[in-house]
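Keeping their order, the protein sequence lines are chains A and B. Residue 524 in the working numbering is what sits at position 524 of the first sequence, and the numbering runs on without skipping anything. Residue 28 in the working numbering is what sits at position 28 of the second sequence, and the numbering runs on without skipping anything.
No lab work stands behind these hints: they were computed from the structure. Treat the hints with caution; some may be incorrect.
The calculated DSS-like cross-link candidates involving lysine-lysine, where the alpha carbons are at most 30 angstroms apart (straight line), are [said to hold, decoys possible]:
hint, chain 1, residue 1, chain 2, residue 2
1, B, Lys-29, B, Lys-72
2, A, Lys-528, A, Lys-470
3, B, Lys-5, A, Lys-408
4, A, Lys-343, B, Lys-7
5, B, Lys-33, A, Lys-267
6, A, Lys-212, A, Lys-201
7, B, Lys-72, A, Lys-528
8, B, Lys-7, A, Lys-380
9, A, Lys-380, B, Lys-5
10, A, Lys-201, A, Lys-380
11, B, Lys-29, A, Lys-335
12, A, Lys-343, B, Lys-33
13, A, Lys-334, B, Lys-45
14, A, Lys-119, A, Lys-267
15, A, Lys-526, B, Lys-7
16, A, Lys-534, B, Lys-46
17, A, Lys-508, B, Lys-101
18, A, Lys-534, A, Lys-343
19, A, Lys-119, A, Lys-212
20, A, Lys-334, B, Lys-4
21, A, Lys-508, B, Lys-64
22, B, Lys-5, B, Lys-46
23, B, Lys-5, B, Lys-29
24, A, Lys-332, A, Lys-212
25, A, Lys-267, A, Lys-41
26, B, Lys-7, A, Lys-508
27, A, Lys-335, A, Lys-212
28, A, Lys-413, A, Lys-201
29, A, Lys-201, B, Lys-64
30, B, Lys-45, A, Lys-514
31, B, Lys-33, A, Lys-534
32, B, Lys-29, B, Lys-101
33, B, Lys-33, A, Lys-380
34, A, Lys-120, A, Lys-335
35, A, Lys-408, A, Lys-332
36, A, Lys-212, A, Lys-267
37, A, Lys-208, A, Lys-380
Note that this is a predicted model, so its numbers are computed, not measured.
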Amino acid sequence: MLSNIGISLVVLVLILSFLIIYTASVDLKISGQNIKRKIYKLSLYQITFTILSFFTLIIGFINSDFSLINVYENSHTTKPLFYKIAGTWGNHEGSLLLWVNILVIFSYLFLVFNYTHDKKFRLYTLIFQNILILGFLIFLLINSNPFNSIYPIPVEGLGLNPILQDPALAIHPPLLYVGFVGCSIYFSAAMASLLSGYDGKLFARSIKTWVKISWCFQTLGIIVGSIWAYYELGWGGFWFWDPVENASLLPWFAITALMHSLLVLEKRNTLYFWVIILCLSTFILSVTGTFLVRSGILNSVHTFASDPSRGIYILFFLSLMILSSLTIFFFKYKKENYNFTLKSRETFILVNNWFMVFFLVTVLIGMLYPIFLDVLTNVKISVGPPFFNIVIIPLVVPFMVLMAIGPKFGWVKSKDKIFYKVLFLILGAIVINLFIIYFFGTYSLLSNLIFIAAIFLILHSFLDIKKFIKNKRNTELARIISHLGFGLLVFFIGINHQFSLEEDFNLKVGEIKKTHNYKINFNNIKIKENKNYKAVIGNFKLTNLNNNLVQYLNPEIRIYSNPETLTYEAAIKTKITSDLYLTMSNVSRSDYYNIKFQNKPFMVWIWISALMIALGGFIQLSFKKNEN
Amino acid sequence: MLTKKVKNRILFLSFIFLLSIASFFFIIKSLNKNILYFSSPSEIKKREDIPIGKVMRVGGMVKKGSIIVNQKNIQFIVTDFENEILISYSGTVPNLFAEGKGVVAEGRLRDKNFFVADRILAKHDENYMPPEIKEIIEKNVK
Numbered sequence: 001m002l003s004n005i006g007i008s009l010v011v012l013v014l015i016l017s018f019l020i021i022y023t024a025s026v027d028l029k030i031s032g033q034n035i036k037r038k039i040y041k042l043s044l045y046q047i048t049f050t051i052l053s054f055f056t057l058i059i060g061f062i063n064s065d066f067s068l069i070n071v072y073e074n075s076h077t078t079k080p081l082f083y084k085i086a087g088t089w090g091n092h093e094g095s096l097l098l099w100v101n102i103l104v105i106f107s108y109l110f111l112v113f114n115y116t117h118d119k120k121f122r123l124y125t126l127i128f129q130n131i132l133i134l135g136f137l138i139f140l141l142i143n144s145n146p147f148n149s150i151y152p153i154p155v156e157g158l159g160l161n162p163i164l165q166d167p168a169l170a171i172h173p174p175l176l177y178v179g180f181v182g183c184s185i186y187f188s189a190a191m192a193s194l195l196s197g198y199d200g201k202l203f204a205r206s207i208k209t210w211v212k213i214s215w216c217f218q219t220l221g222i223i224v225g226s227i228w229a230y231y232e233l234g235w236g237g238f239w240f241w242d243p244v245e246n247a248s249l250l251p252w253f254a255i256t257a258l259m260h261s262l263l264v265l266e267k268r269n270t271l272y273f274w275v276i277i278l279c280l281s282t283f284i285l286s287v288t289g290t291f292l293v294r295s296g297i298l299n300s301v302h303t304f305a306s307d308p309s310r311g312i313y314i315l316f317f318l319s320l321m322i323l324s325s326l327t328i329f330f331f332k333y334k335k336e337n338y339n340f341t342l343k344s345r346e347t348f349i350l351v352n353n354w355f356m357v358f359f360l361v362t363v364l365i366g367m368l369y370p371i372f373l374d375v376l377t378n379v380k381i382s383v384g385p386p387f388f389n390i391v392i393i394p395l396v397v398p399f400m401v402l403m404a405i406g407p408k409f410g411w412v413k414s415k416d417k418i419f420y421k422v423l424f425l426i427l428g429a430i431v432i433n434l435f436i437i438y439f440f441g442t443y444s445l446l447s448n449l450i451f452i453a454a455i456f457l458i459l460h461s462f463l464d465i466k467k468f469i470k471n472k473r474n475t476e477l478a479r480i481i482s483h484l485g486f487g488l489l490v491f492f493i494g495i496n497h498q499f500s501l502e503e504d505f506n507l508k509v510g511e512i513k514k515t516h517n518y519k520i521n522f523n524n525i526k527i528k529e530n531k532n533y534k535a536v537i538g539n540f541k542l543t544n545l546n547n548n549l550v551q552y553l554n555p556e557i558r559i560y561s562n563p564e565t566l567t568y569e570a571a572i573k574t575k576i577t578s579d580l581y582l583t584m585s586n587v588s589r590s591d592y593y594n595i596k597f598q599n600k601p602f603m604v605w606i607w608i609s610a611l612m613i614a615l616g617g618f619i620q621l622s623f624k625k626n627e628n
Numbered sequence: 001m002l003t004k005k006v007k008n009r010i011l012f013l014s015f016i017f018l019l020s021i022a023s024f025f026f027i028i029k030s031l032n033k034n035i036l037y038f039s040s041p042s043e044i045k046k047r048e049d050i051p052i053g054k055v056m057r058v059g060g061m062v063k064k065g066s067i068i069v070n071q072k073n074i075q076f077i078v079t080d081f082e083n084e085i086l087i088s089y090s091g092t093v094p095n096l097f098a099e100g101k102g103v104v105a106e107g108r109l110r111d112k113n114f115f116v117a118d119r120i121l122a123k124h125d126e127n128y129m130p131p132e133i134k135e136i137i138e139k140n141v142k
């Protein structure tokens, strides 16, 4: 029943997309500035039916309607309601439906909100966006249909992977999807701009808000995924340079570069073709990432049961996208004149873009190199985290310095004398760095440079805040907060990395272990029956030998029955200054439990500063609305 | 004679060119330093030039009944149904680590029969198997 409703809705959307493309191309030939009402109506139907189809799937999950294969494979009646709903997008087919939903929603919103812009440009955008919608809808229908039915209807489902049953991971995919799929609209807009000749400042203004929206959500989505990895995976880290993380980082670099150079296009009416390249590559990189992960070419923590046939379709579609966008681009490319002076804001923004491109290329090479080597020589390798750390981290030092200085310069040509101020702040940063060494202990030369650069950026941002309070220019606030957030992020990651304690050992119940300045008593274990899992809860008493502070930590081993899986839940005690992190595991029911104990300073601050980066984006969005 | 403007431009372009070449070499060089090779127990036995003491990955199945846990570490045997290797590891194991299941260990070889792991790689799905191991098993078990 639901299966039929769902498929009919999807087919309806498919037909509507065709109709929209057709009527839009007819409307293209009619002069004037108003788009036909019919197109608005068709788009409204399209968005309604798409959202309805998604709700149909959600209802299937809520009611545990196992006549749908998708529900049968990914849900179970004993699962809490919240995770039944989250299960809708916790699998390949459901998430693809979400993907199509976001494509359609953005298509509609762009059509409705950008009414002040050129008609031809808007129609072309609509056409390209609907071609994308068609592509993914066909993929959904022939290869990954979430509404496929199963007969005879099973009594019980297979359940959702327990590691995905987590609040952070329930919201992580929708956030990332709004971020990544949101890029589609300015992919379409860039193509439309090339074809309709609607370029320069006006084009920048038309996509500005959409770029910001997707940047905010991408940033937030990556942070949430990272937080999840920290407390759920039990390694105590938050970034592993896992292929999937890299895949999410690639579009982020591109979009961050885009966000900055868009300012140049809007203010100075130059760099148009560079902006177009960034618009196109952001979405292409998003799709590439998805393709590599879903097809199983890259193996990683995300184990969507992978399927090569999926890969082939996405690869085909991807090549079509790249090929057509490149053709149109080179066909329309004209030489631009750049008139940049060294001491101007646009030069610094360009430098920011170089850095972003360098980071992007580095991560891309690290990610693709193993694939090429495997194909060419059949040698299996993986690129370890040290590669990314060695190449990227040293460059963060000049990057942060320029990030602090850049916004000080005005547009076109600046006469500000900032030399003494910079010298003064660098000295300040060096002194603060010496204090840290004095109180906490020494570290390598590179770390010194990183700390100094980070503190320099932080000090600069504080001065900017002071200035902001005086003259209250709203547009500056967002930038200050994001840049300050980045400085703090690097600073706290540095501190965290330098002064973390980590110890692995095996203990029997009742034993005591002394490590660094902590005494760890393994008091006892308890067994607790929960709705869909059984928990073995360890009770640990931690005594800090320096100040005799006693704390109790309770890590868990959870035994899920559907599907039968073990998960280890870390016990984390968060304080303002540090996190205590303890995981417990057990191998083949021996008397010994593996214990991993970590003390991680300023962990909370890493999250706070990362969230500040995203917050900056959201602040800018809210101001934009007020100004209009 | 070239004008000053053209001169500047040529200087600028060659600067950019050199910079990008330098950074590219920098990337490739650190890439070569930091790649981890993946080997099966059989490859370790057979190959002469296997590097002892360099970080690498070993994968296969955990042999049934081979896991020994004591106060300091965990020892187990990894097999590809042709050859086997003893692995020693101290630390928490991922939740899907079990006898008869696939495993990938990252660490260093002490000699051709003994491997000290720093990390056991986590896989989060009970049905999932790293492609490297799948290949080995398909080759050896028929």
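Each hint, compared with the structure:
1. For the hint linking Lys-29 of chain B to Lys-72 of chain B, the alpha-carbon distance of about 37 angstroms lies beyond 30 angstroms, and the restraint is violated.
2. Restraint check for Lys-528 of chain A and Lys-470 of chain A: the C-alpha separation of about 58 angstroms exceeds 30 angstroms, so the hint is violated.
3. For the proposed pair Lys-5 of chain B and Lys-408 of chain A, the alpha carbon gap of about 27 angstroms is at most 30 angstroms, so the pair holds.
4. With a CA separation close to 20 angstroms, the supplied pair Lys-343 of chain A and Lys-7 of chain B stays within the 30 angstroms bound.
5. Taking the CA atoms of Lys-33 of chain B and Lys-267 of chain A, the gap is near 44 angstroms; set against the 30 angstroms cutoff, the hint is violated.
6. Only pairs whose Cα atoms come within 30 angstroms are accepted, and Lys-212 of chain A paired with Lys-201 of chain A is accepted, the gap being roughly 16 angstroms.
7. Between the alpha carbons of Lys-72 of chain B and Lys-528 of chain A the distance comes to roughly 29 angstroms, so the proposed pair stays at or under 30 angstroms and holds.
8. As the CA atoms of Lys-7 of chain B and Lys-380 of chain A are separated by approximately 48 angstroms, the hinted pair breaks the 30 angstroms bound.
9. Of the supplied pair hints, the one linking Lys-380 of chain A and Lys-5 of chain B is violated, its CA atoms being roughly 51 angstroms apart against a limit of 30 angstroms.
10. Between Lys-201 of chain A and Lys-380 of chain A, the direct Cα distance comes to roughly 49 angstroms. Violation of the 30 angstroms bound is thereby established for this hinted pair.
11. For the hint pairing Lys-29 of chain B with Lys-335 of chain A, the CA-to-CA distance comes to about 35 angstroms; that exceeds 30 angstroms, so the pair is violated.
12. Pair hint Lys-343 of chain A plus Lys-33 of chain B does not hold up; C-alpha atoms about 39 angstroms apart against a cutoff of 30 angstroms.
13. For the hint pairing Lys-334 of chain A with Lys-45 of chain B, the CA-to-CA distance comes to about 60 angstroms; that exceeds 30 angstroms, so the pair is violated.
14. Taking the CA atoms of Lys-119 of chain A and Lys-267 of chain A, the gap is about 23 angstroms. The hint holds against a cut of 30 angstroms.
15. Distance hint between Lys-526 of chain A and Lys-7 of chain B is unfulfilled; the C-alpha atoms sit about 78 angstroms from each other, more than 30 angstroms.
16. Taking the CA atoms of Lys-534 of chain A and Lys-46 of chain B, the gap is about 45 angstroms. The hint is violated against a cut of 30 angstroms.
17. For the proposed pair Lys-508 of chain A and Lys-101 of chain B, the alpha carbon gap of about 25 angstroms is at most 30 angstroms, so the pair holds.
18. Under the criterion of a C-alpha separation no larger than 30 angstroms, the hint pairing Lys-534 of chain A with Lys-343 of chain A is inconsistent with the structure, at around 64 angstroms.
19. With a CA separation close to 23 angstroms, the supplied pair Lys-119 of chain A and Lys-212 of chain A stays within the 30 angstroms bound.
20. Distance hint between Lys-334 of chain A and Lys-4 of chain B is fulfilled; the C-alpha atoms sit about 25 angstroms from each other, no more than 30 angstroms.
21. Straight-line distance between C-alpha atoms of Lys-508 of chain A and Lys-64 of chain B comes to about 23 angstroms, which keeps the hinted pair within the 30 angstroms bound.
22. At most 30 angstroms may separate the alpha-carbon atoms for a hinted pair to count; Lys-5 of chain B and Lys-46 of chain B exceed this at roughly 64 angstroms.
23. The straight-line distance between the Cα atoms of Lys-5 of chain B and Lys-29 of chain B is roughly 36 angstroms, outside the 30 angstroms bound, and the hint therefore fails.
24. For the hint pairing Lys-332 of chain A with Lys-212 of chain A, the CA-to-CA distance comes to about 26 angstroms; that is within 30 angstroms, so the pair holds.
25. At roughly 36 angstroms between alpha-carbon atoms, Lys-267 of chain A and Lys-41 of chain A are farther apart than 30 angstroms, so this suggested pair is violated.
26. Between the alpha carbons of Lys-7 of chain B and Lys-508 of chain A the distance comes to roughly 75 angstroms, so the proposed pair goes past 30 angstroms and is violated.
27. In summary, the hint linking Lys-335 of chain A to Lys-212 of chain A is supported, as the alpha carbons are separated by about 28 angstroms, within the 30 angstroms threshold.
28. As the CA atoms of Lys-413 of chain A and Lys-201 of chain A are separated by approximately 20 angstroms, the hinted pair is consistent with the 30 angstroms bound.
29. With a C-alpha separation of about 68 angstroms, the suggested pair Lys-201 of chain A and Lys-64 of chain B falls outside the 30 angstroms cut-off, and the hint is violated.
30. Of the pairs offered as hints, the one joining Lys-45 of chain B and Lys-514 of chain A is violated, with about 40 angstroms between alpha carbons and a cut-off of 30 angstroms exceeded.
31. For the hint pairing Lys-33 of chain B with Lys-534 of chain A, the CA-to-CA distance comes to about 45 angstroms; that exceeds 30 angstroms, so the pair is violated.
32. Distance check on the hinted pair: Lys-29 of chain B and Lys-101 of chain B sit about 36 angstroms apart at the alpha-carbon level, beyond 30 angstroms; violated.
33. The suggested pairing of Lys-33 of chain B with Lys-380 of chain A holds, with an alpha-carbon distance near 15 angstroms, which does not exceed 30 angstroms.
34. As the CA atoms of Lys-120 of chain A and Lys-335 of chain A are separated by approximately 24 angstroms, the hinted pair is consistent with the 30 angstroms bound.
35. Note on Lys-408 of chain A and Lys-332 of chain A: the hinted pairing is violated, with a Cα-Cα distance of about 36 angstroms set against a maximum of 30 angstroms.
36. Proximity of Lys-212 of chain A to Lys-267 of chain A is assessed by CA-CA distance (about 17 angstroms); at most 30 angstroms being required, the pair is judged to hold.
37. Only pairs whose Cα atoms come within 30 angstroms are accepted, and Lys-208 of chain A paired with Lys-380 of chain A is rejected, the gap being roughly 43 angstroms.
In terms of the numbered hints stated before, the structure departs from hints 1, 2, 5, 8, 9, 10, 11, 12, 13, 15, 16, 18, 22, 23, 25, 26, 29, 30, 31, 32, 35 and 37, listed from lowest to highest.
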